[in-house]
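Engineer: For reference, the chains in residue letters:
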Amino acid sequence: MSDANLRLRTLVGHRLFWPVAVLVAMLAANTIYRPGFLAIEVNNGHLYGTPIDILRLSAPLILVALGMTLVISTGGIDLSVGSICAISGAIACLYISEAPDQNNLGMVFTALAMALGVALVLGAWNGVLVSIIGIQPIIATLILMVAGRGLAQLITEGQIITINSGPYRAIGLGHFLTLPLAIFIALGAALLIAAFTRRTALGMIVESVGGNREASRLAGIRSGRVVFLVYVVSAACAAIAGFMITANVSSADGNAAGLWVELDAILAVVIGGTSLAGGRFYLSGTILGALIIQTLTTSVYAMNISPQTALLFKAVVVIAVCLIQAPAFRAKFGRRRRGTPPPPAPSPQRQKEEVPA
Amino acid sequence: MSVSSLTTRPSWAKLPRRQMPVLATLALLLVMYGIGVSQYQAFSNVQVIFNIFIDNGFLLVIAVGMTFVILTGGIDLSVGSVAAMTAMVSAWLLQSGLPALLVLVIALLIGPLLGFLMGCAIHFFDIQPFIVTLAGMFFARGMCTFISNASIPITDGFWTTMSQYRIGDPRGNFVSVSVIVAFVVVLVAAYVLAYTRLGRNVYAIGGNPQSALLMGLPLGRTRIAVYTISGLCAAIGGILLSFYTLSGAPLIAVGMELDVIAAVVIGGTVLTGGSGYVFGTVLGVLVLGVIQTLITFDGSLNSWWTKIVIGGLLFAFILLQRLIGIRYK
Numbered sequence: 007m008s009d010a011n012l013r014l015r016t017l018v019g020h021r022l023f024w025p026v027a028v029l030v031a032m033l034a035a036n037t038i039y040r041p042g043f044l045a046i047e048v049n050n051g052h053l054y055g056t057p058i059d060i061l062r063l064s065a066p067l068i069l070v071a072l073g074m075t076l077v078i079s080t081g082g083i084d085l086s087v088g089s090i091c092a093i094s095g096a097i098a099c100l101y102i103s104e105a106p107d108q109n110n111l112g113m114v115f116t117a118l119a120m121a122l123g124v125a126l127v128l129g130a131w132n133g134v135l136v137s138i139i140g141i142q143p144i145i146a147t148l149i150l151m152v153a154g155r156g157l158a159q160l161i162t163e164g165q166i167i168t169i170n171s172g173p174y175r176a177i178g179l180g181h182f183l184t185l186p187l188a189i190f191i192a193l194g195a196a197l198l199i200a201a202f203t204r205r206t207a208l209g210m211i212v213e214s215v216g217g218n219r220e221a222s223r224l225a226g227i228r229s230g231r232v233v234f235l236v237y238v239v240s241a242a243c244a245a246i247a248g249f250m251i252t253a254n255v256s257s258a259d260g261n262a263a264g265l266w267v268e269l270d271a272i273l274a275v276v277i278g279g280t281s282l283a284g285g286r287f288y289l290s291g292t293i294l295g296a297l298i299i300q301t302l303t304t305s306v307y308a309m310n311i312s313p314q315t316a317l318l319f320k321a322v323v324v325i326a327v328c329l330i331q332a333p334a335f336r337a338k339f340g341r342r343r344r345g346t347p348p349p350p351a352p353s354p355q356r357q358k359e360e361v362p363a
Numbered sequence: 002m003s004v005s006s007l008t009t010r011p012s013w014a015k016l017p018r019r020q021m022p023v024l025a026t027l028a029l030l031l032v033m034y035g036i037g038v039s040q041y042q043a044f045s046n047v048q049v050i051f052n053i054f055i056d057n058g059f060l061l062v063i064a065v066g067m068t069f070v071i072l073t074g075g076i077d078l079s080v081g082s083v084a085a086m087t088a089m090v091s092a093w094l095l096q097s098g099l100p101a102l103l104v105l106v107i108a109l110l111i112g113p114l115l116g117f118l119m120g121c122a123i124h125f126f127d128i129q130p131f132i133v134t135l136a137g138m139f140f141a142r143g144m145c146t147f148i149s150n151a152s153i154p155i156t157d158g159f160w161t162t163m164s165q166y167r168i169g170d171p172r173g174n175f176v177s178v179s180v181i182v183a184f185v186v187v188l189v190a191a192y193v194l195a196y197t198r199l200g201r202n203v204y205a206i207g208g209n210p211q212s213a214l215l216m217g218l219p220l221g222r223t224r225i226a227v228y229t230i231s232g233l234c235a236a237i238g239g240i241l242l243s244f245y246t247l248s249g250a251p252l253i254a255v256g257m258e259l260d261v262i263a264a265v266v267i268g269g270t271v272l273t274g275g276s277g278y279v280f281g282t283v284l285g286v287l288v289l290g291v292i293q294t295l296i297t298f299d300g301s302l303n304s305w306w307t308k309i310v311i312g313g314l315l316f317a318f319i320l321l322q323r324l325i326g327i328r329y330k
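Order-wise, the sequence lines are chains A and B.
Counting in the numbering used here, the first sequence runs from 7 upward without gaps.
Counting in the numbering used here, the second sequence runs from 2 upward without gaps.
Source of the hints: derived by calculation from the structure; they are not laboratory data.
Quantities reported herein were computed from a predicted structural model and do not represent experimental measurements.
Among these hints, one or two may not hold up.
Said to hold, decoys possible - To give an idea of the interface, some chain A residues facing chain B are shown, with a C-beta separation under 8 Å as derived from the structure:
#, residue
1, A130
2, V134
3, L148
4, L317
Just so you know, even glycine gets a beta-carbon here, dropped at the ideal spot from N, CA and C.
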């Protein structure tokens, strides 16, 4: 009995338990509401279905959130990712739209490389502001968040650039091995980051800088360089996400591309269990968080509720997840359960067990 | 030359150190206004300044609330959405035929209530202000569209009077009621920050929460109070916004929180808290207003230049705060 109880408690205490539980609960609720929700069909050699759609649409968010995870684990935050998405998408689309042959693969790669290069420069700018000049991350990246939208509109001249390029479209809508290509790109980025952080000392170094930057520096870690690096990585992830977002609609809109993706990304990271204070990061949790957010958005669309009202649900989920994860809330909740016996009716048995322990 | 000037630095050189960012903002504002006047003849018209206040009255009120929050070292991302929600709720209630005064009271209660709840979540459960107010922002914006997907016009007599009433001099220069409300809010806020116990607590907590707590200052009460104040200011801002547009629109004031934060920072308030003035915030809002007016006067520049210039100014002022050595930690 106590063994099973202990096992249950380890399971509930696992950091991925609540995110997985929320995701499963949402999928279950969807399936009950719409029995065909989980159905996947093969059409033209490609898999189609709502779950595949959720995976495909969550790819940009996963990318941005991965970069954001690293930034947050150093105790920072990157608000500029949405703007970087818009800028990189705008540059790529502008270059492609001016090319004589929009389907030329080499030209598309040049466009991607150019946009990625600009994004790296912007990431380096964020990194310099935070690591060398020592501006608070939230403000340092706020600068680019505000100015970046303007820059993106400057690049597109306030217009929506529409392109007709097969290879570029493939980034968002193409298929590879029956699954959408975007999933593989996100997966590849996740594996790459996981390999670099979890198979080398880099991840630990990032966490130690997040725990205490000065102590890490005194321990021989080049803290400044690590902080600089995470902003560049975040910008690179955001740029690729920007390609996907613009490729999905084959057009670049300086105003709307990647709007509020930074907030969704931060939510995904927090839902995944990474503390905003820094010092720890969980890549798997972040990916789950991104999937939760996308599932929420998709299911709200499926219920015929306007996308703006979806924010209401998002707010509820965010607060619920944050409360569940907040140590202060757990402590209060636990104490109340033990301290005042009469009111809580749900689990009198567990109470009896807890008192002697 | 007195003895004191040999041992310590003279008082005129020491004093401005803390006020330096505010003075820099003031200088910038004067320079920009000077450029405007020298470039465009019509710019020197007093009405141009009045118009800046008329167009930015709601921004000013919301920025004052944000100043309180930022002074404690927190941040409130929900203000834009709360303002929109307040405007939306009042439009909706007016449409359903409630008396104007009752609507006003209800609308003014929602913002502070949400702010109070967010403050409680921040204090009692120790969740980051950033995330809590982000959830508040989502909630308020969601409520807007929950009420209605389209904008609701306001035809109520009280609202239209407030919207169109002009207070002016015989030469035809005028301000709207919003400007008067905004000035009252600014004066009350300045008094509260400078001369009341709450104001002192706000500065103390922003300077160092740990020491403030050890000194026996009411950390939790003050923290919850600033978010409630910010909610109240956002609600007043929302009412002014509904005076200004005479409607409640679900997507109004999107991204306003960024303008507000930018105004507060340009006004010299340090984002880690503990240093800053309401007067600086007024200047910050004016800087934003003058930029917009300059770009409007120029005509050849597009609206996106506003964002780029604001970003550039943000950078310049944060750099200035670093250079003059305001201690961050």
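Engineer: Now, for every hint given, state plainly whether the structure supports it.
Structural biologist: Okay, the hints, checked on the actual structure:
1. Restraint check, A130 of chain A versus chain B: the minimum CB separation of about 15 Å is more than 8 Å; hint violated.
2. Taking 8 Å as the C-beta contact cut-off toward chain B, the hint placing V134 of chain A at the interface is violated, the least distance being around 11 Å.
3. Among the interface hints, the one on L148 of chain A holds; its C-beta lies about 7 Å from the nearest C-beta in chain B, closer than the 8 Å criterion.
4. The beta carbon of L317 of chain A is positioned within 8 Å of a beta carbon in chain B (closest approach about 4 Å), and the interface hint is therefore held.
Violated hints, listed in ascending order, are 1 and 2; each of the other numbered hints is respected by the structure.
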